[in-house]
Amino acid sequence: MRFTATPARIEPVTSGTLIREARLRAGLSQGELSERSGKDRAQIARWERDVVQPSFETLRDLVRACRFDLELALVPYEADRQQDTRLRKTLERSPQERVQAMLRARRR
Amino acid sequence: MAGRDDVFDPIAVLQALGRHRVTYIVVGGLGRVIHGSDELTDGIDIVPSTGEENLRRLGLALDDLDARRSDGKRLALEQDLVRQPVLELRTDAGELKIVREPEGTRGYDDLRRAATREPLGHGVRPSVASLGDHARMLAALDREQDREPLYTLRHLIELERELTRGRSIER
Numbered sequence: 001m002r003f004t005a006t007p008a009r010i011e012p013v014t015s016g017t018l019i020r021e022a023r024l025r026a027g028l029s030q031g032e033l034s035e036r037s038g039k040d041r042a043q044i045a046r047w048e049r050d051v052v053q054p055s056f057e058t059l060r061d062l063v064r065a066c067r068f069d070l071e072l073a074l075v076p077y078e079a080d081r082q083q084d085t086r087l088r089k090t091l092e093r094s095p096q097e098r099v100q101a102m103l104r105a106r107r108r
Numbered sequence: 001m002a003g004r005d006d007v008f009d010p011i012a013v014l015q016a017l018g019r020h021r022v023t024y025i026v027v028g029g030l031g032r033v034i035h036g037s038d039e040l041t042d043g044i045d046i047v048p049s050t051g052e053e054n055l056r057r058l059g060l061a062l063d064d065l066d067a068r069r070s071d072g073k074r075l076a077l078e079q080d081l082v083r084q085p086v087l088e089l090r091t092d093a094g095e096l097k098i099v100r101e102p103e104g105t106r107g108y109d110d111l112r113r114a115a116t117r118e119p120l121g122h123g124v125r126p127s128v129a130s131l132g133d134h135a136r137m138l139a140a141l142d143r144e145q146d147r148e149p150l151y152t153l154r155h156l157i158e159l160e161r162e163l164t165r166g167r168s169i170e171r
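Sequences listed follow chains A and B, in order.
So that you can map any letter, position 90 of the first sequence is 90 in my numbering, and since no number is skipped, the others follow by simple counting.
So that you can map any letter, position 2 of the second sequence is 2 in my numbering, and since no number is skipped, the others follow by simple counting.
The hints are simulated quantities; they were obtained by calculation from the structure and are not laboratory data.
Incorrect hints may have been included.
Computed footprint of chain B on chain A; a stretch qualifies when at least three of its residues, placed anywhere within it, have a C-beta under 8 Å from a C-beta of chain B [said to hold, decoys possible]:
(1) 13-27
(2) 56-64
(3) 101-107
Keep in mind it's a predicted model, so treat the numbers as computed, not measured.
From the three backbone atoms N, C-alpha and C, an ideal C-beta is built for every residue, glycine too.
Using the sequences plus the hints, can you model the full thing?
Printed below as a string of structure tokens:
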């Protein structure tokens, strides 16, 4: 059985969303996935929250433990350049400046 | 004092929470903005620790802010939080939503592990839910209106990773 994330809802996908969606579709708790995969439950929780990222091999093992598989293909990639530029600028600001900029924009 | 619809002073809300040493995590639109999302928001959403003492402190902070329920009913914080997943309030400094357990999470204790303190000036340094947790909450809500912010969050997660990788290479 192949596992395909629903792109409209979770695009762009992260390893955390893949693990979580596979686990939930399989009806497993994090503890059950831990037993099936032999990985630590707390580590699975961290992967799912995207706090840290598993290796590709670990990601595949986890998805397979949920009885799914990853279907991968190389396709041309085109970034959303406008948003990319905008967000990069925002990230150069401090959190304080981001909030102030939002409040200024809101008043306009 | 009647809260005007256009008033939004998140720093005033956070200062009131800080004065009474309330333990909470910022989530929602303001949390996403703090992380770099370029959206506009009209209010502040918080997930408080639900310990008895903390709710007492939160009650004092809400008194300072002259908080009242958006539906006009009398505010009874502890009971309302048990009955309603999201408590919508109006305050002198704008809208405040108190969320006991945001969708896709198990509440304060779940979110606090990855939350970070973010300096916002005026001595305010709230705990803010992580980018990953913000994405998790929006994905769990599964609403059409959240598609764009969710896409932005995913983009921010990628950029953050790219910047982190860049910084480690520079070292």
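A quick look at each hint next to the structure:
1. Here the stretch 13-27 of chain A counts 5 residues with a CB under 8 Å from a CB of chain B, which clears the bar of 3, and the coverage holds.
2. Look at the stretch 56-64 of chain A against chain B: 0 of its residues bring a Cβ nearer than 8 Å to a Cβ of that chain, fewer than three, so the hint is violated.
3. Check result for the stretch 101-107 of chain A against chain B: holds, 4 residues qualifying (beta carbon to beta carbon below 8 Å, three or more required).
Hint 2 alone, counting from the list given before, is not met by this structure.
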